[in-house]
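Chemist: Single-letter residue listing:
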Amino acid sequence: MNDTLEIKREAQLRETARRLLEDGTVGYIIGWGTTRFEDKTAPLFAAKPEEADRLVWNEYCINSLAKYSLDDKYPEKKIGICVRGCDSRAVNRLVNDKQIERENLFLIGMPCSGKENSVCEGCSHKNPVVYDILIGEPVEENTEEKASAERFREIEEFEKMSPDERYEFWAKQYDKCIRCYACRNICPACSCKECYADQYMVGWQGKQNNRAESQVYGLTRAYHVGDRCIECGECERVCPMGLPIMRQTKKMLKDINDLFGNYECGVESERAPVLGEYDLTDRDEFM
Amino acid sequence: MSVEKNWEPKIIAFTCNWCTYTGADLAGLNRMKYPENVHLVRVPCSSRVNPQFILRAFQKGCDGVMVCGCHPGDCHYATGNYFTRRRFMLMKRLLEYNGIDPQRFQARWISGSEAAKFRDTMTQVTAQIRELGPNSKFQEKWYQEGGPENE
Amino acid sequence: MSRTGVIICHCGTNIASMVDVEKVAEEIGKIPGVVYSVTNKYTCSEPGQQMIKDAIEEHSLDRIVIGACTPRMHETTFRKMLKGTKINPYMLEIANLREQCAWVHTDKEKATEKAISLVRMSVAKVGSNKPLFTSFIPIHKKALVIGGGIAGIQAALDIADAGHEVTLVEREPSIGGKMVMLDKTFPTLDCSACISTPKMVDVSAHPNITLKTSCEVEAVTGYVGNFEVTIRQKARYVNHDICTGCGLCETKCPSKISDEFNQGIGERKAIYKLFPQAVPAKPVIDAQNCRKLNGSAKCGVCQIVCPLQCIDFEDKDQLITETYGAIVVATGYELIDWTKLYGEYGSGRYADVISGLQFERLVNASGPTEGHILRPSDQKEPKDVVIVKCVGSRDEKKGKSYCSRACCMYGAKHAHQILEKIPGSNVYIFYMDVRTPGKGYEEFYNRTREDGATYIRGRVAKIYKEGDKLICTGEDTLIGKPVTVKADMVILETAMVPARGVEEIVSKLGISMDGDHWVQEAHPKLRPVETQTAGIFLAGTCQGPKDIPDTVAQASAAAVKVCGVFSKEQMETSPMISRVNEEKCCGCEFCVKCCPYSAIAMKEIDGREGNRKIKRMVATVNSGLCQGCGACTAACRTGAIDLLGYTNDQILKEVDALCL
Amino acid sequence: MLRYAYYPGCSMDSTGATYKKSIEFVAEKIGLDLREIKDWNCCGATAAHTKDEMMALALPARNLALAESEDLGLDIAIPCAACYSRMKYSLHAVRTDEEKKEQIQEIIEMPYEGKNDVLSFLDIFSTEEAMEACRSKMVRTLSGLKVACYYGCLLSRPHEVTGGEDTENPMDMDRIVALTGAEPVDWSFKTECCGASHQVDVPKEARPLLDRILRNAQANGAQAIVTACPLCNMNLDMRQAEINEKMEKKYNLPVYQFTELLAVAMGAGAKEIGLHKHFFPAFELMKKYAKRAGENG
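Protein chains in written order, with the working numbering: chain A, 1 to 287; chain B, 1 to 151; chain C, 1 to 660; chain D, 1 to 297.
None of these hints come from the bench; they were simulated from the model. Quick caveat: nothing in here was measured; it's all calculated off a predicted structure. There could be a bad hint or two in this list.
If the Cβ cut is set under 10 angstroms, some of the chain D residues that face chain C in the computed set are [unchecked claim]: (1) 35; (2) 36; (3) 40; (4) 42; (5) 126; (6) 162; (7) 167; (8) 168; (9) 181; (10) 183; (11) 191; (12) 211; (13) 212; (14) 216; (15) 223.
From the derived model, a few chain A residues whose C-beta atoms are all more than 10 angstroms from chain B [as the list claims (entries may be wrong)]: (16) 38; (17) 143; (18) 166; (19) 168; (20) 181; (21) 203; (22) 210; (23) 251; (24) 267; (25) 283.
Using N, Cα and C, we set each Cβ at its ideal position, and we do this for glycine too.
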């Protein structure tokens, strides 16, 4: 990240934030703020104009902010949210799933040239796909080849292993899972009012923390979000036990691309999820 | 894992009431014979089968799971099996990706008049599962009998 | 704790011969919750059913499992039986021990073991069955018929005669459709107007029928018994209440427009009656071509001459919304536009190459030539006429792949009319096959040949003009030689295609079309006049090419279906439909997209967010439309929508019971 | 810019002599720059594809590859209908069938991507630019002369390969000829077969094919026939006298290439474009109708 450009962008962000808060277009702004550690930032809720200066913009702004709007679905005033490429796709995801109203949000577009996060390596949308105001100049996107090569590289390598090896790998991973549901809480595609795992449905999802139940939970969540995942990598980042969750959900996306044509979630806000529609020309393997 | 001496494969088949279930009844009427290992669960349409039922079936101890419905275009509810096709093409690959042998989960279109096809499918699937042996993946039972300790 | 009664049926020897029924009853008896487990020789018989009723009383059972033949056989029988007891008819599960166990296995010991697990699955499922009650939806006993051709007219008359109110909607200024354009009808050659105009008059005179011409269906919502239909009454600029149809305005109107009723032969005025025997027999003004209305001139002469001042140039379209219980689609057909497909026949450049309907107007006494067959180019009577069949039909490359069924017969009819009206004329009919599938059809075809029509087996390759003759070159496959006929006039019997604009009507009604845009019937053989949507029926050529006898038969069939719907005050709907748990529903609409019957709608309900009252959207299932397929349940991540009778809990209980 | 790669083909220096002369005259007049492909080879015409499909595709492909290798990005203009048709087949194969493209490039040992288009002379003359250029160069008018435009079979068929807009009633040549003041008649045998090489080996059976073309043209008031292909021109021109004699007909329809009409209208002398070289006398009719612009007929 060349620093001079980003520092200028941070200043412009603060100045814009102050103006928005002063003239009342937004109730409050969700951005990133400093924490005790220099190499970490945390979500910041700036409500008063003077708090705008606490907003930061550096390579450690990695938290996804879009899903906080779910906690305030019926705001009096618009909610300002700083959106990088992935956050803007998360907003599209939530709007497409009818969970938040686009009019309730004021999106501050932040062109992002990559953060201290492994997922930024193959990022295909550095510039926000939807915003109300753009801070600074858009950055140069990854080339088409680089982004698409990077996208499923991990999955293709994993598929080369034999079925038993793959089972052993996943069994080990799900042994570690402590069912804290952090992956569900951060995921913009997981927007159900009451998650099936929290409900008292005996035959459906057991509560015991053993390998079989964790496997069923992991696979079910992968299947639930598979056709709507925006590949932001947050689930993997927040998992306390370090499970490679993206490697599970991206498998679905890879299959969808192979079977139903290229497909990227959250880029256009209208695109219906693949499992919500059908096509007469779909391949037929079950004859 | 010692193979139990008189192990019999346990196969569950979610069958759509208007086509495959009718086909099974027709196979019965014609006294066609097929192995006893397959148990049919009657559902109104193959699109009623939630992919999560498959995971539960494996977890509870099934060795093979099938989803059978009408041929695309013949669905009594017009578009039901188009959704089934998409859902289970993806779920089948996800299961294989997680190490389940491809033959343990199969989906088939069997119409109400294809009694012979029903019998042949059931015989073929039972033979394939018997050859694969008992399924130990995803099994709750494995964990209840000591699980990681006896690995 | 549930008190389940289990009855294992011998079914004579069908089950007992391969399954040890006593052992099954005994094993199942051990399951907690099963308080009564017996076998019975013939459970579906009267004594068998009585035994169950007595057991329910004696052991105060609250749910029943019967191990017997396939539920598809006796599920309804046993449900009717339970109606007579205190148990809800849906607290019942049937294990298929005959077709899917006894008859298909050979090893008695294994068959018995399987029977036990099948019954155990049913017992587990019945454990979470809940009493279900059929719901009722009101039926508005008023029918809507879309399309005023012979199909729509016949359906409307039949429904009205059965004592129900009918609204007949026709977008043209008069009803009659294509049939009233014809001169004669095969095979009896009786005059088409003589048999259709009386029916048209009956329609306008019938107390139960409201006739709405120059109207189109704007929007349709709702479901069987309660269709909310908005109809657009297009502006007619003539007040039909006062107008007596004297026709003075028509004579004075200066503009001349190609007459679409006469298929472009001859002209009509801007203010016009579609044809002399039009019903209603009152003119309308064609806004595009009326000089005053399209602003090209001052005119307004019709308003001046009209004795009763019926002309009103300020007339606007009006929208009327009414509720109907059932809808009959009778939108009819059109002829394919061959000029865009057949460059070999001159693609319309030669005036004397005409379509079947154009010939009907030439030979029709009320047509532009008062029944004299005069060829359009120079009004001369043609001596040699060529008729070409299957133009656009049975031709995948250029036209439609299907056969249009009626052209062989009306081709022979045209030949007959020419030979009769023009003495000394010659008629050559190029055909691939002659299809005469109806009563008296083959005899009519033979009589036409005896009258002197020459049938040449082969397709016409090219028609071109030389001098004032039309040269038809083709091949006679029977003698294996190319053939050339010098004709004065050529009639092309073109393919039938769905009426213009059928796509909009079909999408408004939410029904479906087949590949060629014919309206899709529920089942080609067993339910030809119904659609997938309850309460919407079909009649006539909108469902596919057919002749008048079949059309009228279908129209009456559709009418009876409508009367079937209206025969009950309320309509009982199946209780095994989806239901939404509004507490869990987050309004994501994934279920809405999967419903084949668009039975799921979103509705606004009150909710709380923290301490504030808010409104939020949840899904709701329309019990009239939902057919209980369950596609929505698999689409719902939280399991908020569930299918009664096959709930997630019930199915998973069966899975668990199998794997014990 | 009216600049094209140019593939003359074998008939330009033989049966198509008048076609070639009139093309050169008109091209020079309207500034049409035709760059002949160096080292071009025979297109295979009707002989190649009866023998072997790959040969039939590779022969024309080599010419197209040569044109492409000069990477001037020029489309290829082809006067003769047969060469045009064969080139179109190769272009279609290379653009739609990966496997065939590999085989072709292997045979001609040259890369060929099918970047540029293959155009007949009717295509290039019916462009707005060419029409405007011709209109500005007219010095004579042929008004009153009724002609029947004959397209032959290969220029418009098969539709999937040539992309011609109307295989039954094309109008390109009619529009071009109308520029000279001549009046194209509406007739029905524009694209019917002229018998091509059958006129050589089975003249007796093939003669009626020519007869019906001439008859329909005359019946619809044409005084001459205009073609855009050396072979059709030769068949109709050379064999008309034979038909008059053998089938007792009285046809008097000189046969011109459409570029000859353009040349005459642009002031060409009879010798310059070889009007005397026709089999069926064609000079009198042209002399009768070719009037200085402004002279009344």
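Chemist: What hint numbers does the structure not satisfy?
Modeler: 1, 2, 3, 4, 5, 6, 9, 10, 12, 15, 18, 19, 21, 22, 23, 25
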